[in-house]
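**Student:** Here the protein sequences line up with chains A and B, keeping their order.
Read in order, the letters of the first sequence are residues 1 to 191 in the numbering used here.
Read in order, the letters of the second sequence are residues 1 to 148 in the numbering used here.
These are computed hints drawn from the structure, not numbers from a lab.
Under the rule of at most 25 Å between Cα atoms (straight-line distance), these lysine-lysine pairs were calculated in the BS3-like manner:
no., chain 1, residue 1, chain 2, residue 2
1, A, Lys-179, B, Lys-78
2, B, Lys-77, A, Lys-56
3, B, Lys-122, A, Lys-164
4, B, Lys-67, B, Lys-78
5, A, Lys-164, B, Lys-113
6, A, Lys-179, B, Lys-112
7, A, Lys-66, A, Lys-48
Predicted model, so just to flag it, every value in this text is computed and none were measured.
Here is what each chain is made of, one letter per residue.
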Amino acid sequence: MRFIVKIDINIVGKKLLQEHFDKLLLDYSLKANGEVEINEELSSEKYKELTLELSKYGIEIIESEKNILIQKIKNAIIEMVYMDERLPITSSIPTYLSDKLKYRYGYLSNLFSSSTYTSIENFTQLQKIERAKQLITDSELNCSEIAWKLNYSSSAHFSNQFKKVTGLTPTRYQRIIQKRRDAQNEGTIWE
Amino acid sequence: MQNESIYVLLADDDKDDRDFFIEAFESIRIKTIVKTVNDGVELMKHLALNRNKLPHILFLDLNMPLKSGMECLIEIKKTDYLNDMAIAIYSTSASEQDIENAFVNGANVYIKKPHDFATLKKFLEEVITINWQYQTSGLNRDSFLLNL
Numbered sequence: 001m002r003f004i005v006k007i008d009i010n011i012v013g014k015k016l017l018q019e020h021f022d023k024l025l026l027d028y029s030l031k032a033n034g035e036v037e038i039n040e041e042l043s044s045e046k047y048k049e050l051t052l053e054l055s056k057y058g059i060e061i062i063e064s065e066k067n068i069l070i071q072k073i074k075n076a077i078i079e080m081v082y083m084d085e086r087l088p089i090t091s092s093i094p095t096y097l098s099d100k101l102k103y104r105y106g107y108l109s110n111l112f113s114s115s116t117y118t119s120i121e122n123f124t125q126l127q128k129i130e131r132a133k134q135l136i137t138d139s140e141l142n143c144s145e146i147a148w149k150l151n152y153s154s155s156a157h158f159s160n161q162f163k164k165v166t167g168l169t170p171t172r173y174q175r176i177i178q179k180r181r182d183a184q185n186e187g188t189i190w191e
Numbered sequence: 001m002q003n004e005s006i007y008v009l010l011a012d013d014d015k016d017d018r019d020f021f022i023e024a025f026e027s028i029r030i031k032t033i034v035k036t037v038n039d040g041v042e043l044m045k046h047l048a049l050n051r052n053k054l055p056h057i058l059f060l061d062l063n064m065p066l067k068s069g070m071e072c073l074i075e076i077k078k079t080d081y082l083n084d085m086a087i088a089i090y091s092t093s094a095s096e097q098d099i100e101n102a103f104v105n106g107a108n109v110y111i112k113k114p115h116d117f118a119t120l121k122k123f124l125e126e127v128i129t130i131n132w133q134y135q136t137s138g139l140n141r142d143s144f145l146l147n148l
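Bound-form chain B, shown alone (with noise of 0.2 Å):
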């Protein structure tokens, strides 16, 4: 286990934001293998046909094209085989109701996208290092939750 690394998916439109979501992985201590798709309809596509080979973590871009990041949370939590990853919220919106919104349907994580790289980098690798905790320290899921 603590040699595996762990495999991180983004799914967002902005390719700028998945650019820079991939290089902020680069520096953190955590291995990982980070992969991202364009939107909703593709992630929920690319999850049904790597039912094997599911992440440990998904991030979700609340505004997406064709199918929202809420869209795909709910129905991800309607899906019993994908029922076990973390899902964290990686949105440009901070209202409160977003934000509750996206813990009641299930997510684990809600990161408001910061305007600099360093407070990224910083946020992602506790999201990562506090997942991690909770997938090696036989740690509830249902009761993390995370919002930065």
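In isolation and in its complexed conformation, chain A is listed as follows (with noise of 0.2 Å):
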């Protein structure tokens, strides 16, 4: 049997805290953009426990001011880019993250671009791209749908994007990756 699943990583990445807070018993609250609060002081074998816990499952602590903020704008960006509505239009993107952010986007914009060699604007794309990617192999929405529900002005539009980030079409990407997934089923070789 084969079958694709749908991951809303959104859910996963809170339920997932959650066991393990709840399996050591800590007092806590989970806040907007991966950030949580823990209401009693970790000693430090708990502390040591919980980080190696959460590398497991590619989850990292991230304590430094400048990286917790960067990581908060990622979270933000991603958690934007998989929700089920349609996503706003990118002229809107700036305000959305201030206002999430309490921050002005200026601040935001240079900062993201001093550390990550990107920039909120091409990180947004990529993760756009994913999501599409994403959307073309495991749901049944077509390139039309797709560039609606991503908020891309048009089919033709989206498909551009997709090329100049991917260096190929959505429909030949989708046929690759089709064709690479019967490959490892049937344990083929293409040469």
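Assembly of the complex is requested from the two constituent chains, each provided in isolation within its own frame, with the hints serving as guidance.
**Tutor:** What follows is the structure, given as structure tokens:
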């Protein structure tokens, strides 16, 4: 049997954290954008245990103020890109981020560019294309529907952006992933 | 993570191409450590002997004597401990068939070797930067396809 699972990364992350904090009997609250408040002092053993457990799931605890804010920006963008509703238009993203994080956009933008080798715009673009890839291969949506959902102005504009980021058209990307999955299933090799 | 250098390995039998490759990395923004091997057989030996220090990204020339880049790619994808590396095909061929087969067999990036040094630098910087985003932002490597 073979099937595809749809994963809501926002829910998975939250559940995972809850399970681990509950296991350690911590008094905690989960806030927006990946922020966690623990209402007690953690012993260094407990802290180590927690870090180790979470690292198995690719979850990293971030402490420096600057890195915390950068991670909050990334989390806010990812949360936006993966929401079920239609995405806001690109031009409203600065307002969305500054409202959500309570900083001027110019400040967020400079901070982000100074230590991620990319800009907020490019990072958002990359994340949107990642979401598009997921929709192309694992949903029933066609190109126009994906373009609408991710709020590109047209399906041609979406295809162009996809090609710009990946070097492939959405159709070609879909064909390659399909062939790759078939090959993995059958153990065949393409030469 | 942010201050860690990216370890890049290239397998290419052409000495000039290896030299240009190393030189191109000297001027890009992300810190890299670049090593090269001369053919596919040497590559597979090198990887087996350095299991604990595998490259973040491997560049494979397609046409190499003894063992071709495509043979290496297939072997690497079948080997569990090598499965986490990003793989870029770096080739003079730009045939649709080569590109598609490379991706289907598990390559993440396909670069046609450019004819001028400025483009080479631009391409390599783009690959390393995007790969870095995949490494640091928890993106799914299975969906990482880039054709330059």
